[in-house]
Amino acid sequence: MLRTDNILNTVRMLQEENLDVRTVTMGVNILDCAGPDISAVVSAVQNKIRSKAGNLVRLCDRLTTRYSLPVVNKRLAVSPASILLEGHTAQDALLLGKALDAAASDVGVDLIGGFSALVQKGMSEGERVLVESLPQVLAATERVCASVNVAGTKAGINVDAVRLVARQILKMADVSKEQNGFAAAKFVAFANIPEDNPFMAGAFLGPGEPECVVNVGVSGPGVVKRAVERLVAARPGASLDEIADEIKHTAYRVTRTGELIGREVAASLGVEFGVVDLSLAPTPRVGDSVGEIYQAMGVSKLGAPGTTAAVALLNDAVKKGGAFASSSVGGLSGAFIPVMEDHALAQAMADGTLTLEKLEAMTAVCSVGLDMILLPGDIPPETIGGIILDEAAIGVVNRKTTGVRVIPVPGKKPGDHVDFGGLFGSGTVAKVNCPDGAVEFVNRGGHIPAPIQSLTN
Amino acid sequence: MPDPANNRFVVSVLVGDRAGILRDIATAISDMGAEIDGVSQTVVEGYFTVILTVSTTAGHVPDEIKAAIEERFGTDEAAIAVRPYGPGSPSRYTTEGDRYIVTLTGSRHLELFRSLTAFLASKDINIEDWYMARAGESVTHIGEVSVPHLLDIKQLHDELSDLAGEMDAKVHIQHENIFRATNDIGPIKSLLRTKPC
Chain A
1 MLRTDNILNT VRMLQEENLD VRTVTMGVNI LDCAGPDISA VVSAVQNKIR SKAGNLVRLC
61 DRLTTRYSLP VVNKRLAVSP ASILLEGHTA QDALLLGKAL DAAASDVGVD LIGGFSALVQ
121 KGMSEGERVL VESLPQVLAA TERVCASVNV AGTKAGINVD AVRLVARQIL KMADVSKEQN
181 GFAAAKFVAF ANIPEDNPFM AGAFLGPGEP ECVVNVGVSG PGVVKRAVER LVAARPGASL
241 DEIADEIKHT AYRVTRTGEL IGREVAASLG VEFGVVDLSL APTPRVGDSV GEIYQAMGVS
301 KLGAPGTTAA VALLNDAVKK GGAFASSSVG GLSGAFIPVM EDHALAQAMA DGTLTLEKLE
361 AMTAVCSVGL DMILLPGDIP PETIGGIILD EAAIGVVNRK TTGVRVIPVP GKKPGDHVDF
421 GGLFGSGTVA KVNCPDGAVE FVNRGGHIPA PIQSLTN
Chain B
458 MPDPANNRFV VSVLVGDRAG ILRDIATAIS DMGAEIDGVS QTVVEGYFTV ILTVSTTAGH
518 VPDEIKAAIE ERFGTDEAAI AVRPYGPGSP SRYTTEGDRY IVTLTGSRHL ELFRSLTAFL
578 ASKDINIEDW YMARAGESVT HIGEVSVPHL LDIKQLHDEL SDLAGEMDAK VHIQHENIFR
638 ATNDIGPIKS LLRTKPC
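First to last, the protein sequences are chains A and B.
Taking the numbering used here, the leading residue of the first sequence gets 1, the next gets one more, and so forth.
Taking the numbering used here, the leading residue of the second sequence gets 458, the next gets one more, and so forth.
Because the hints were derived from the structure by calculation, they are not lab data.
Cβ atoms here follow ideal geometry from the backbone N, Cα and C, with glycine treated the same way.
It cannot be assumed that every hint is accurate.
[What the hints assert, rightly or not] As a list, the in silico DSS-like pairs of lysine-lysine whose alpha-carbon atoms are at most 27 Å apart:
1) 523/B / 319/A
2) 177/A / 413/A
3) 523/B / 248/A
4) 121/A / 48/A
5) 301/A / 413/A
6) 646/B / 320/A
7) 98/A / 154/A
[Unchecked claim] Label pairs and their in silico Cβ distance ranges:
8) 355/A / 594/B: 17 to 25 Å
9) 124/A / 608/B: 53 to 61 Å
10) 324/A / 580/B: 34 to 42 Å
11) 607/B / 5/A: 26 to 34 Å
12) 512/B / 5/A: 29 to 37 Å
[Unchecked claim] Covered by chain B, according to a simulated footprint, are these stretches of chain A (three or more residues, beta-carbon under 8 Å):
13) 13-27
14) 253-261
15) 310-320
My request is simple: use the sequences and hints to build the entire structure.
Have a look at this one:
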């Protein structure tokens, strides 16, 4: 028997606190589409995506009606495209990228991830073709998202790959300079990339994943923020462990909502259910901000001493609530801090209270890394390489995922404002301290060995 | 030997709430050698109400059961009804459909409850449980209802919203699984026995 107060609590979460499912992402294996004839490859890829995902959006919309629960984004993630590009050219890579874009459009999803390569230990020819093609592919497509895994705890850091990727990020920005370098916003460099992440831009279907699988990203941060606000309003002196407890209980409910939707979508489509990703993914909308959660906890100026601890508290409480709620937790699962996509974080960057260096510290305890950060257009590739190396080091040593999604904005200087619109948001170009202070280190190239933490057997 | 099928009764008791009412009723029934098969009890604004099904092999008639229960209460304290539960009694009403939760909030409006329940009845939506609470001028209704599979939920929601809007109220109808997911602790898989959409 349902209790009336529980019913009203759930209704409040749905109607007043923006409880939703942030993304339903279908993973589709496209490795069986590989072959020597690129025309046949792209045709097979498009047919497979249409056959597997043709009903995805319709089903999600039905569930939205059934539960009065919005499924905000419907997306696709495919096998690493680099594998299909073995023996092919950069021109072929462009054709494949456009085919993925067209297939995503056909089935009505807004983004498709998996234009990806795993190069943490070295780079095959297909992987090199993919990385070299990234600027043209991301500029020529609307929905395609790309990622390259440059490091792993077991592999160490592929510094040569980091240097190449850094140069490619600058090219992505350059080929899309009319859109303020927007192509770079669809690319992430990872350490320890998860194979089942449903969130963009880093989603892809890992080699160990099923033929077709539905992964889900839980609700945005608004519900957690309101829960903290409610607790603090009722008990102004609430301690941090009380706040952690409140977040944990809220995360439990949010996670189960996500799993319910994911399992129903998977069952209706006759495919496997994969994971619930617990990550709190903000949007630029007021009330849908991770930064606002820290503010609700008492960090009035984001970036002030104490902010990293607030991130750690939130990240841990979300994981604990989610881990009890579901046996199918995966992906990134924690708290995102994508600066442009979170109005409170973006404002703190504009105000100067939140700096690139403080963000880096926060990434040591959040679920991802430096995400959606604008950089000056004249930043040297070695500086971008250094940023990626630092993040990769945090990920590799701490056995966690870290990522770098930065956008060098052609013609812009620190303090300039840039607006991408929509979910990608707006922000202020960050100042990078000592931008040429590690050129020699980065240019040594080679490989940073796997840390001692990798020897676990 | 009395036929147990012809010795079942449905009993209802309405009385001002106090501690010990169920004890008094249960004692009266068990002292007669009868078994209580089912109970549903609630309190609404200070009034206790219970409905029970009772079976006996001792050949009792309804008036005997009623009298036994009345002895436990003061004169005119309780309104008691006892009816045979035998052939011709209603079987459990079932609707081929899923269970949904209707929540409606608005100001006190004479037509609100009547219009809503009339609408649900017109769609063959069976109300299985209903709760209403007032707080000042506002009122909240929560209903557990069975919605036939044939009904289009989106259309139903739109029509309900139009109806509520006419009375300055807000209404939602949501599948019960969302409430079970957020409040129960069992595995989500166990909720998915209903037909996928």
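Results for each hint:
no.: 1; hint: 523/B / 319/A; result: 58 Å, violated
no.: 2; hint: 177/A / 413/A; result: 14 Å, holds
no.: 3; hint: 523/B / 248/A; result: 52 Å, violated
no.: 4; hint: 121/A / 48/A; result: 31 Å, violated
no.: 5; hint: 301/A / 413/A; result: 24 Å, holds
no.: 6; hint: 646/B / 320/A; result: 20 Å, holds
no.: 7; hint: 98/A / 154/A; result: 34 Å, violated
no.: 8; hint: 355/A / 594/B: 17 to 25 Å; result: 52 Å, violated
no.: 9; hint: 124/A / 608/B: 53 to 61 Å; result: 55 Å, holds
no.: 10; hint: 324/A / 580/B: 34 to 42 Å; result: 39 Å, holds
no.: 11; hint: 607/B / 5/A: 26 to 34 Å; result: 33 Å, holds
no.: 12; hint: 512/B / 5/A: 29 to 37 Å; result: 35 Å, holds
no.: 13; hint: 13-27; result: holds (count 3)
no.: 14; hint: 253-261; result: holds (count 5)
no.: 15; hint: 310-320; result: violated (count 0)
This entry does not satisfy hints 1, 3, 4, 7, 8, 15, going by the numbered hints stated previously.
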